[in-house]
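Following the hints, complete the assembly by docking chain B onto the known chain A.
One letter stands for each residue in the lines below.
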Amino acid sequence: MTEAALGQPAIYRPTLWSRLNNSRNLLGLILMIPTAALLLLFLTYPLGLGVWLGMTDTTIGRRGVFIGLENYGFLLDDSVFLLSVFNTFLYTVVASVFKFVLGLWLALILNQHLPFKALLRAIVLLPWIVPTVLSAIAFWWIYDSQFSIVSWTLREVGLIDEYVNFLGDPNNARAAVIFANIWRGIPFVAISLLAGLQTIPPSLYEAATLDGASRWQLFRYVTLPMLTPIIAVVMTFSVLFTFTDFQLIYVLTRGGPLNATHLMATLSFQRAIPGGQLGEGAAIAVAMIPFLLAAIMFSYFGLQRRRWQQGSDND
Amino acid sequence: MSRITRRDLLKGTAGAALLGATGGLAAPAAAAELSFKPEAGAKLRVLRWKRFVQGDEDLWTANTQKFTKATGVEVVVDNEAWEDVRPKAAVAANIGSGPDIIIGWYDDPHQYPDKLVDLTDLAEYLGGKYGGWYPVSVDYATREGRWIALPLGAAGNCLVYRESWMKEAGFDSFPQDTAGLLRLCQALKKNGHPPGFALGNAVGDGNVWTHWLLWSHGGVLVNENNEVAIVSSETEAALEYARELYETFIPGTISWLDPHNNKAFLAGEIGLTANGISVYYAAKNNNSPFVGDINHANMPVGPLGKPSELNLFTQAMLFKHTKYPNAAKEYLRFMWEKEQYEPWQQAAIGYITQPLKAYEQNPIWTADPKHTPYRDTVARMFHNGHAGKLGYASAAAMADFIVVNMIAEAASGATTPKEAMQKAEKRALRYYRV
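Going line by line, the protein sequences match chains A and B.
Position one of the first sequence corresponds to residue 690 (our numbering), numbered consecutively onward.
Position one of the second sequence corresponds to residue 52 (our numbering), numbered consecutively onward.
Calculated directly from the structure, the hints in this document are not laboratory data.
The reader is advised that the hints may include incorrect statements.
Rough simulated footprint, nothing fancy, chain B against chain A, three-plus residues with beta-carbon under 8 Å [to be verified]:
no.: 1; segment: 866-877
no.: 2; segment: 892-899
no.: 3; segment: 941-948
Here are the computed distance ranges between Cβ atoms for each label pair [stated by the list, open to error]:
no.: 4; chain 1: B; residue 1: Q237; chain 2: A; residue 2: D766; range: 36 to 44 Å
no.: 5; chain 1: A; residue 1: N860; chain 2: B; residue 2: Q473; range: 18 to 26 Å
no.: 6; chain 1: B; residue 1: G319; chain 2: A; residue 2: I812; range: 34 to 42 Å
For each residue, glycine too, the CB sits at the ideal point set by N, CA and C.
Chain A on its own, in the form it takes in the complex:
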């Protein structure tokens, strides 16, 4: 009013509305809201709730009270929990190493020119496609102490007299569940790495061959470095799947014998749901988070970020 009255030239002053209306930042924010809401609702909230539950003494049927870190204190003194941490590490490390080596080997073979290539690749995926519970039940029979096909065959051939006690001895049981996990996990690693192998330009191999590289050198200095980023991603996922495995153990052993195959995930379930100790179960589940983060960090920093990939010298 005053400005107009004074006769000064009108300067374009955008109203708040028109400013907002033209703001790209605001638009961006608005478009992000659905995603953010989904993440908050389905990831942050349950995670936060889990962390909170882990610090209460909630049981099924009774709202708990805040008890701080008492659950964790008890767990540190709990031999079954400590055993489950050991089992989980053993399970994850051994299974992941085997899955990586065998998966990479399989990927290299499948990358060759083979007859019926497509069919072979489809078949390799089968263990991964079969629902875990079904393959676990198959292994349950394979490992049965009385009806094992493996034991039966070995006995018919005359190699053993007694049936193998696959799941009835703590160390045998650990080996058996790890084997089943490896069998199930290899296809994922193999097919993912195969995809990675196919992105490596053939010209690199040609150049290296002209330089007189041997097959081992081709693998060591061309394939492996080019594949590292894919390996990092694939192994991160593989480690996460293995670390949090549940179904296989639950069907095969329920954590037995003598809790030798109890993983943190299965123990968490056993304590929280059938046992009713929701707070303690949540605490065990939360205790897995630091380990998972460490696994991710390791593969992220250890494998993914190589300086040469970003243009510097490799040291």
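The following block gives chain B in isolation, referenced to the frame of chain A:
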């Protein structure tokens, strides 16, 4: 204190008097017929465990339809795998919504007693009419003198053996005590028909026989004051016994889950195990060549001097969130009355043993003498929190397999009996700390 009215007290003492009096033949002064008038337009949802024996479900459904016909109350019955009922019931109790009636397991009602409708009138009526409840039924279903659940019975557990192999082992009849059982097992093993009992984390079979083993020697996880008392000479004796018994077992039993012993027995791999009547039922259904050779015996009595079994006890809970409490009570009354209960028990071929003494007369128990031992399983059992109370701790301790693990550790020689019971003590203290 103030919650107990004079009326409750009278009812309580009358109930106790009835229970006391029903030991003999004297028919208790039968209460007048009781019935509840269903609310107009009532509908009920019932959640129960999925049958182990087909006849159970068939007759349960038929009885329910009969109820609907008689009262016009629509009833939907959902069946869930038996291990899933417990978490579902807990959720229903927590959120105050869900099925009106849930037929759960063991000490479920003691996890959320405030959420359950008082069934004292119904329980007293049924007890009065049908010869009284067994003591363990009262333990499981009452809290502070009030009935918070209605026992349905228990999936009884007996020793299942091969008659001819027992005779071959030099026994004319099945041994009645733990010492005799050990001798039989040793002889069976010598003849190549070893026994096998589940020692893995088997929710049903593992818990049931290991608790019997502990209790039969006088060991208890907790004493009458609900204090952990597992470290004792009695427990040590039980563990020594377990070790000797384990030496006779077929290899692999510490990995056994619930189905393993059934499979091994039906395949003729083992000569003796502990199980429900389902092995016999499966053998009959599959025309097993040795079905006639299968026989049953009650769990033997140990140094304790009296039966001390654990069986999978099951009971109905009526939740306060129901909109139709009278219809629900009427449904329960109807299903528990002789006209419905006995045919149902027959259809389930005795898989469930009655919680009420009068149903001992059910012809199913004598129609085939092999059924008879299962008749007595509820009379011979303790509750799973023995000798303490039922509650959070008893449920959690059993779900964590404390007793199963202790016996498996000591039996397999993974630890000494002393170490095994000290470990169990530490684990039990966690749950019994409050």
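Evaluation of the provided hints:
1. 866-877: Check failed, 0 qualifying residues.
2. 892-899: With 0 residues closer than 8 Å to chain B, the segment 892-899 of chain A misses the three-residue bar; violated.
3. 941-948: Held - the segment 941-948 of chain A has 7 residues with a Cβ nearer than 8 Å to chain B, which meets the minimum of three.
4. Q237/B to D766/A: 36 to 44 Å: 40 Å, holds
5. N860/A to Q473/B: 18 to 26 Å: Holds: the Cβ-Cβ distance is about 24 Å, inside 18 to 26 Å.
6. G319/B to I812/A: 34 to 42 Å: Hint holds: Cβ distance 38 Å, inside 34 to 42 Å.
Comparing the model with each numbered hint stated earlier shows that hints 1, 2 do not hold.
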